[in-house]
Amino acid sequence: MSDIAFLLLIFFLVSTIFALEQGIPLVLPGKTSSNVKVKRKDILVVEAHANGAIVVDKQVVPIANLRGLIERRIAETEKLIVVVESHPDSDYGLMVDILDELRLANARRISLKTMKL
Amino acid sequence: MKFSRESKIENNIPTASMADIAFLLLIFFMVTTIFKLEDGLTVSLPRAETAAKQKRERIMRVWIDAGGYISIQDKLVRVHQVRDIMTNALSENPLLIVAFNADHRVPAGVVHEVMEQLKEANAVRVSFTADPERAGGRR
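Top line first, the protein sequences correspond to chains A and B.
Counting in my numbering, the first sequence runs from 268 upward without gaps.
Counting in my numbering, the second sequence runs from 46 upward without gaps.
Note that these hints are calculated values from the structure, not bench results.
This list has only true hints and no planted wrong ones.
When the alpha-carbon atoms are kept at most 16 Å apart in a straight line, the in silico EDC-like pairs for lysine to aspartate or glutamate are as follows:
no.	chain 1	residue 1	chain 2	residue 2
1	A	LYS383	B	GLU158
2	A	LYS383	B	GLU161
3	A	LYS298	B	GLU158
4	A	LYS298	B	ASP129
5	A	LYS380	B	GLU161
6	B	LYS100	A	GLU288
7	A	LYS298	B	GLU161
8	B	LYS98	A	GLU288
9	A	LYS298	B	GLU165
All values reported here derive from a predicted model rather than from experimental measurement.
All chains, please: the whole structure from these sequences, using the hints.
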């Protein structure tokens with residue numbers, strides 16, 4: 268009897284998985300951080316529009332192609348800073364999708380911005 | 046003179062029911078334990094393959110549901126209150142990570158407004174909570 272009870276106890280102890288926090292980490296520029304001047308050619312703006320379209324260099328890019336494009340641009344410009352500019356009415360999910368693709372493309376310098384209307 | 050012999054009665058504590066008592070206590074505490082759960086809002090998290098594990102003890106969750114309601118520490122708050130909450134939380138835990146548990150349908154503008162408040166409070170470490178498996182969001 269107690270053998271079975273302990274067996275069950277150990278089974279549940281081992282098999283219990285606690286809910287993990289998984290997320291895309293990012294460090295925001297704080298209040299104290301100073302403005303750093305960057306060259307215009309080092310900046311790549313990825314626009315997330317309200318209709319779900321992703322626009323890079325005035326061209327609509329499907330999300331599946333974004334990763335390759337970013338990888339190519341990073342190969343060209345090593346210090347590339349990717350600015351994710353999202354429309355206030357665009358889905359937050361789209362922004363996370365773009366951030367995910369950027370991380371897959373190994374883009375480390377990321378800046379978030381809202382589109383000025 | 047002869048002393049009477051000490052009686053041979055053994056004083057044992059009956060231990061046969063020990064296991065029963067232990068299990069009874071175990072079951073009692075199992076049944077009565079209530080885990081403190083944070084009541085956030087119901088959100089359908091966005092999907093991200095690169096979601097990385099975050100240290101739990103450093104995390105403070107900001108819930109934003111599809112309707113744009115913001116909840117922090119079991120309380121519904123307005124955007125402009127976020128700064129003071131985060132300033133207080135940061136003074137307790139300087140390494141705080143603010144996790145956005147936001148619905149993938151929420152307008153990005155709402156998230157950006159909260160982020161502006163975080164910047165003003167100097168809560169610079171954020172994490173966009175995402176589910177590596179959930180089908181929500183993309184494609």
